[in-house]
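These protein sequence lines map, in sequence, to chains L and C. Residue 32 in this note's numbering sits at position 32 of the first sequence, with consecutive numbering throughout. Take the position in the second sequence, starting the count at 1, then add 1000; the result is the number in this note's numbering.
Worth flagging that the hints you see were computed from the coordinates, not collected in a lab. One should not assume that every hint holds.
Claimed, not checked - Covered stretches of chain C (chain L as the covering partner; in silico rule of three or more C-beta atoms under 8 Å from a C-beta of chain L):
no. : segment
1   : 1030 to 1043
2   : 1125 to 1136
To be verified - Now the in silico label distances, taken between C-beta atoms and shown as ranges:
no. : chain 1 : residue 1 : chain 2 : residue 2 : range
3   : C       : G1016     : L       : E139      : 46 to 56 Å
4   : C       : Y1059     : L       : P82       : 50 to 60 Å
5   : C       : G1087     : L       : P143      : 36 to 46 Å
6   : L       : P143      : C       : Y1059     : 50 to 60 Å
7   : L       : R50       : C       : G1016     : 44 to 54 Å
8   : C       : A1077     : L       : S88       : 39 to 49 Å
All values derive from a computational prediction rather than experimental measurement. Glycine included, every Cβ here is placed at the ideal spot set by N, Cα and C.
2 protein chains.
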Amino acid sequence: MEFEGAEAGPGTARPGGRTARVRAAVLRAAGDVLAEQGFAHLDLADIARRADVGKTTVYRRWGTVAGLVTDLLEDMAQQSVPRTETGSLLGDLTANARLVQRTLADPRQGPLFKAVIAAATGDPGTARALHGFYAVRVEEWAPCVEGAVARGEAPEGTDPHEVVRAVSAPLYYRLLTTALPLDEASADRAAAAATAAARAGAYVRGG
Amino acid sequence: MEFEGAEAGPGTARPGGRTARVRAAVLRAAGDVLAEQGFAHLDLADIARRADVGKTTVYRRWGTVAGLVTDLLEDMAQQSVPRTETGSLLGDLTANARLVQRTLADPRQGPLFKAVIAAATGDPGTARALHGFYAVRVEEWAPCVEGAVARGEAPEGTDPHEVVRAVSAPLYYRLLTTALPLDEASADRAAAAATAAARAGAYVRGG
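The following block holds chain L by itself, in its conformation from the complex (with noise of 0.2 Å):
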């Protein structure tokens, strides 16, 4: 989302070409509009006018509201965060725990996170966009159980996409369905109760 690079000509989708900055601009009004307003604000004549972009370039390259929101997902999607190795599996999902709690509990990225998830909840095209920002995050994490099963600290079979969503899941439940604060300790339980719960076997495949 940064303003570097050289010029290149309109229409081409080179990194740091004025598409490239137009989309960072269209996406940073976006994000700021969810964030501070909600997804039920965002309007692509508002979000034009903010990033500084001509109405009729937003209204073609995005269409639609879902559209703008699918391309920000995507674009989140390609921002790489990169993976804690501690060593054991509860080191590893702690530092997985905090950085989602740090973010959901964040002024701008918490409200930001809210409203994309309730943006998919009204159209199948961001609901894939949604879908493939976690399955990227989920990912990117994944080995932290595998080098835990290497090391026997959970079972073979352990399926470690299910125990990465698990220290996500009670942060995202905490944050939509009650009013309780997202601190710290809420990320460690987090942690140590994907831990306990992968050591026992409760993530084998098939179990």
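Using the hints, position chain C against chain L.
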């Protein structure tokens, strides 16, 4: 949501009276629209038509779409679901997980829950009603965990609410962030994981 009971004068809130019947018809129509089309398509005039109730009545009583969803959630909270007692923590939590899973996998209830969660992200009053709905459900099942602690199945100081939420969390997370099937195996896995984590002391308060 039944149409039983004696007639009563307009404006009364006596169960079975006209006011109760109007409320039942309007909330049923609101639930239908939420389940079929999602939150973005909810419109008070359309609800009045579907419920065969005067538009003025609907506007006067519920005021806004957010007010209507809030009342729907308060009505849902009052519909008690009997808790299962099997004599073991795993048995009780499996019963709870399967109940949640069947609800979320149901073609009407699943989209309805997605829609009210989406609605709550955009309105503080709706969010409070949603939190109230889940607080009631969690409270209803907490005695399962208290019983397990009394029987020595989980350590003293285990937080019953955290354990009950841990059962639902992976099912909601699966529903909202993946396209994976919400099958009975995912319910059983959620219950087994929460039970194993509770036994290991992951939900001990201040732990």
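Hint check:
1. Coverage of the segment 1030 to 1043 of chain C by chain L holds in this model, with 3 residues showing a Cβ closer than 8 Å to a Cβ of that chain against a need of three.
2. Check result for the segment 1125 to 1136 of chain C against chain L: holds, 6 residues qualifying (beta carbon to beta carbon below 8 Å, three or more required).
3. In this structure, G1016 (chain C) and E139 (chain L) meet the distance hint of 46 to 56 Å, their C-beta atoms being roughly 55 Å apart.
4. The beta-carbon spacing between Y1059 (chain C) and P82 (chain L), approximately 53 Å, falls within the hinted interval of 50 to 60 Å.
5. The hinted window of 36 to 46 Å between G1087 (chain C) and P143 (chain L) holds, with their beta carbons roughly 40 Å apart.
6. The supplied range of 50 to 60 Å is met by P143 (chain L) and Y1059 (chain C), whose beta-carbon atoms lie about 56 Å from each other.
7. A hinted range of 44 to 54 Å for the beta carbons of R50 (chain L) and G1016 (chain C) is consistent with their spacing of about 52 Å.
8. The hint said 39 to 49 Å for the Cβ distance between A1077 (chain C) and S88 (chain L), and at roughly 42 Å that hint holds.
This entry satisfies every hint, going by the numbered hints stated previously.
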